[in-house]
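**Student:** Given next are the chains, with one letter for each unit.
Number of protein chains: 2
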Amino acid sequence: MKKIIIMIPARLGSKRIPKKNIRYMQGKPLIQYPIDIAKSDSRDMEIWVNTEDERLGTIVTDMGANFHRRPKELAGDTATNRDFTYEFLRMHPCDYVVMLNTTSPLLRQETFGQFIDKIIDSDADTILSVVTEKEETFYQGEPLNFSLNEKINSQFLPSTQKIVWAMTGWKRDTFMRLQEQGENPVFGGKIVLFEVPKDEACDLDTEEDWKIAEGILQSRSETHTPKYLEL
Amino acid sequence: MKKIIIMIPARLGSKRIPKKNIRYMQGKPLIQYPIDIAKSDSRDMEIWVNTEDERLGTIVTDMGANFHRRPKELAGDTATNRDFTYEFLRMHPCDYVVMLNTTSPLLRQETFGQFIDKIIDSDADTILSVVTEKEETFYQGEPLNFSLNEKINSQFLPSTQKIVWAMTGWKRDTFMRLQEQGENPVFGGKIVLFEVPKDEACDLDTEEDWKIAEGILQSRSETHTPKYLEL
Numbered sequence: 017m018k019k020i021i022i023m024i025p026a027r028l029g030s031k032r033i034p035k036k037n038i039r040y041m042q043g044k045p046l047i048q049y050p051i052d053i054a055k056s057d058s059r060d061m062e063i064w065v066n067t068e069d070e071r072l073g074t075i076v077t078d079m080g081a082n083f084h085r086r087p088k089e090l091a092g093d094t095a096t097n098r099d100f101t102y103e104f105l106r107m108h109p110c111d112y113v114v115m116l117n118t119t120s121p122l123l124r125q126e127t128f129g130q131f132i133d134k135i136i137d138s139d140a141d142t143i144l145s146v147v148t149e150k151e152e153t154f155y156q157g158e159p160l161n162f163s164l165n166e167k168i169n170s171q172f173l174p175s176t177q178k179i180v181w182a183m184t185g186w187k188r189d190t191f192m193r194l195q196e197q198g199e200n201p202v203f204g205g206k207i208v209l210f211e212v213p214k215d216e217a218c219d220l221d222t223e224e225d226w227k228i229a230e231g232i233l234q235s236r237s238e239t240h241t242p243k244y245l246e247l
Numbered sequence: 017m018k019k020i021i022i023m024i025p026a027r028l029g030s031k032r033i034p035k036k037n038i039r040y041m042q043g044k045p046l047i048q049y050p051i052d053i054a055k056s057d058s059r060d061m062e063i064w065v066n067t068e069d070e071r072l073g074t075i076v077t078d079m080g081a082n083f084h085r086r087p088k089e090l091a092g093d094t095a096t097n098r099d100f101t102y103e104f105l106r107m108h109p110c111d112y113v114v115m116l117n118t119t120s121p122l123l124r125q126e127t128f129g130q131f132i133d134k135i136i137d138s139d140a141d142t143i144l145s146v147v148t149e150k151e152e153t154f155y156q157g158e159p160l161n162f163s164l165n166e167k168i169n170s171q172f173l174p175s176t177q178k179i180v181w182a183m184t185g186w187k188r189d190t191f192m193r194l195q196e197q198g199e200n201p202v203f204g205g206k207i208v209l210f211e212v213p214k215d216e217a218c219d220l221d222t223e224e225d226w227k228i229a230e231g232i233l234q235s236r237s238e239t240h241t242p243k244y245l246e247l
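Chains as they are written, first to last, in our numbering: chain V, 17 to 247; chain F, 17 to 247.
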């Protein structure tokens with residue numbers, strides 16, 4: 017049985033949306049979304065919030081998570097993902113760690129559960145969440161997945177897959193070894209892609225992003241019968 | 017002075033979301049969004065709804081648009097964009113046509129105005145709307161715009177641009193000539209890309225897409241003060 021740990025990185029000093037982790041989205045603080053998602057899974061997994069802030073640590077403990085106190089030197093803007101994840105992994109033996117981000121309030125329990133299934137079933141070192149798209153795409157000014165000589169229905173286009181950082185899984189041993197060798201552990205070893213439905217992916221970089229995510233959440237909770245113009 | 021005509025293609029027989037053009041989204045029938053956007057521009061441009069349906073023709077006339085009756089043979093599922101646009105252009109002399117889609121309720125007046133500016137200022141044959149993204153992207157299983165050897169901040173990634181069909185501009189002469197030569201006029205001649213803000217682009221292929229767009233529209237109309245968890 018693989019031991020899987022959930023790590024939720026959270027800082028208080030977010031820049032473009034200040035204090036976003038403790039800001040309410042649709043009646044619930046942002047930090048509580050990943051905690052609730054992780055708790056909803058019936059499998060027994062430790063849930064740790066990785067933060068430098070003592071006060072946030074207290075709050076997440078009340079919400080049912082554990083508090084991993086991140087060292088001050090890994091709390092700044094220049095601290096990288098690989099550094100604070102490595103520091104976390106040194107303290108917490110496991111087979112796999114799942115980095116679950118607070119910027120994923122749209123993630124559904126079912127999708128999270130399938131992600132955990134994927135980790136259990138695979139021998140991957142890195143499991144990345146992606147959204148698959150079939151749209152005519154330009155890259156460096158040139159058509160990537162379509163030809164200017166014909167217009168075909170987009171369902172027949174080759175797809176692109178973009179990484180969303182909602183959830184990422186790493187095999188602990190590989191991650192630590194690569195980091196210690198000075199190699200990049202974030203995309204380390206055997207990579208497997210996990211597809212996330214596009215309506216569960218969002219950015220939370222700007223105030224506009226925040227409103228969009230909030231609007232999507234709100235629309236999910238509403239059921240209404242379509243109305244039509246009379247002909 | 018360039019003569020620009022707005023063409024709004026609309027059928028009643030949409031498949032995955034039935035009758036979507038006459039369905040209400042946030043209190044307004046979908047077909048009315050592009051008509052209102054086009055009417056909001058102070059420049060004098062004819063607005064035509066291109067549809068096979070007489071009843072829809074009557075409705076859009078009441079909304080302030082003109083009714084271009086599309087021939088029955090161009091109204092089926094196999095009729096292509098290039099064919100019905102060509103048929104339209106034969107009947108309507110102009111310098112440029114803008115195809116404004118009903119699947120763009122999120123488009124803002126300001127962005128539409130900038131698109132028209134771009135047509136006026138440019139000598140392009142085709143003006144495509146794109147959304148620019150900076151996300152780690154895989155194409156055919158390989159990293160496209162990033163390297164597995166390092167994790168860099170996504171703001172420094174080379175961007176991809178995907179076409180959104182919210183609005184497309186074509187120079188009439190070029191479009192007609194290419195179509196008559198059996199070449200693809202949709203991506204014809206000199207192509208210029210026009211950037212649309214990402215929160216103005218949406219799909220309306222599925223019921224889920226519909227709810228997302230409706231949620232985004234709703235969130236725009238609401239102003240509220242952020243609330244925070246107390247520390």
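The hints are simulated quantities; they were obtained by calculation from the structure and are not laboratory data.
Be aware that one or more of the hints could be misleading.
Per the computed footprint, the stretches of chain F lying under chain V, defined by three or more beta-carbons under 8 Å from a beta-carbon of chain V, are [stated by the list, open to error]: (1) 38 to 47; (2) 57 to 63; (3) 79 to 91; (4) 106 to 119; (5) 123 to 133; (6) 142 to 154; (7) 175 to 184.
Here a beta-carbon is modelled for each residue, glycine too, at the ideal position from N, C-alpha and C.
**Student:** Take the hints in turn and mark each one as holding or not.
**Tutor:** Verification of the hints:
no. : hint       : result
1   : 38 to 47   : holds (count 5)
2   : 57 to 63   : violated (count 0)
3   : 79 to 91   : violated (count 0)
4   : 106 to 119 : violated (count 0)
5   : 123 to 133 : violated (count 0)
6   : 142 to 154 : holds (count 6)
7   : 175 to 184 : holds (count 5)
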